[in-house]
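*Asks:* Sequence:
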Amino acid sequence: MILRFYSYILLIMIFLSGCTDKEGATYVEGLLYEDGEPVRIEIVDGIITQIEKFRSSADKPEVYLAPGLIDIQVNGYMGVDFSDQELTREQMLEATRALWKEGVTSYYPTVITRDQERLEKSFSLLAETLNDELMGMSIPGFHLEGPYLSPVQGYRGAHPEEHIRLPDWEEFTALQEAAKGGIRLITVAPEMEGAIPFIEKCRDSGVVVSLGHHNGTADIIDQAVKAGASL
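4 is the number of the first residue of the sequence shown in the working numbering; add one for each residue after it.
It is worth saying that the hints were derived from the structure and are not from the lab.
Where a beta carbon is used, it is the ideal one built from N, C-alpha and C, also for glycine.
Heads up, a few of these hints could be off.
No farther apart than 25 Å at their CA atoms in a straight line, the calculated lysine-lysine pairs in the BS3-like style are these [unchecked claim]:
| hint | residue 1 | residue 2 |
| --- | --- | --- |
| 1 | LYS124 | LYS183 |
| 2 | LYS204 | LYS124 |
| 3 | LYS124 | LYS104 |
| 4 | LYS204 | LYS229 |
Estimated spans, in silico, between C-beta atoms of each pair [claimed, not checked]:
| hint | residue 1 | residue 2 | range |
| --- | --- | --- | --- |
| 5 | ALA28 | GLY82 | 35 to 43 Å |
| 6 | ASP222 | GLY82 | 36 to 44 Å |
| 7 | ASN218 | GLY49 | 40 to 48 Å |
| 8 | TRP172 | ASP225 | 20 to 28 Å |
| 9 | MET81 | GLU37 | 47 to 55 Å |
| 10 | LYS183 | GLY49 | 23 to 31 Å |
Please construct the entire structure, taking both the sequences and the accompanying hints into account.
*Replies:* See below:
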């Protein structure tokens with residue numbers, strides 16, 4: 004699932020060479036994604052300060068400029084598995100740079116259902132990436148997909164049944180501690196016993212709750228939404 008990031012960036016910036024005019028400013032030109040009209044973007048200290056249209060000419064730029072993309076569920080990329088117990092900073096940076104080339108400027112590394120020990124290890128490794136200047140700018144948080152999902156075949160998808168379990172706030176708190184508070188999104192099955200009060204606690208702690216891999220009725224979904232589920 005991809006959302007637009009509300010700051011203009013270049014989808015294919017790798018092919019552009021910005022020019023510098025006034026002191027401290029960099030300019031890039033291209034076609035605005037909305038209407039195909041030429042625009043000139045001014046960037047100062049890494050921040051877009053101005054976007055202006057200019058008159059078309061024979062050398063009209065052929066590169067489109069568009070908002071960056073935010074992907075809220077990336078389980079891995081380019082052969083890098085974010086649930087890998089041996090995940091390294093170098094692998095994370097490799098995946099992050101590869102996502103940049105596709106226009107994804109921010110993303111949520113996603114960890115799927117595992118036993119508690121492995122989940123804590125995964126989030127501990129991921130938390131280390133937030134100390135990296137480059138990756139820290141691209142990773143606003145982590146996504147925990149499970150383990151509080153439906154155990155029913157078909158609904159649980161690829162999540163291992165033996166590790167699916169009921170929502171447990173103390174268990175989740177331990178994961179959040181391992182992640183250094185970095186878990187910002189969690190996917191939960193609302194029909195699981197204890198899911199509704201769990202969703203309320205997530206909401207109160209600032210964690211966004213997504214309903215997924217579930218078999219909840221319309222009434223249960225309504226209860227979950229009222230409790231704070233928003234995706």
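*Asks:* Are the hints correct? Go through all of them and say.
*Replies:* The hints, checked one at a time:
Proximity of LYS124 to LYS183 is assessed by CA-CA distance (about 12 Å); at most 25 Å being required, the pair is judged to hold. Between the alpha carbons of LYS204 and LYS124 the distance comes to roughly 23 Å, so the proposed pair stays at or under 25 Å and holds. The suggested pairing of LYS124 with LYS104 is violated, with an alpha-carbon distance near 29 Å, which exceeds 25 Å. Of the supplied pair hints, the one linking LYS204 and LYS229 holds, its CA atoms being roughly 13 Å apart against a limit of 25 Å.
Between ALA28 and GLY82, the C-beta spacing of about 38 Å keeps the proposed range 35 to 43 Å intact. The supplied range of 36 to 44 Å is met by ASP222 and GLY82, whose beta-carbon atoms lie about 43 Å from each other. About 46 Å separates the C-beta atoms of ASN218 and GLY49, a value consistent with the hinted range of 40 to 48 Å. For TRP172 and ASP225, the hinted distance range of 20 to 28 Å is satisfied, since their beta carbons lie about 22 Å from each other.
For the hinted restraint 47 to 55 Å between MET81 and GLU37, the CB-CB distance of approximately 30 Å leaves it violated. Remark: the range hint 23 to 31 Å for LYS183 to GLY49 is upheld by a beta-carbon distance near 25 Å.
Going through the hint list in order, the structure does not satisfy hints 3 and 9.
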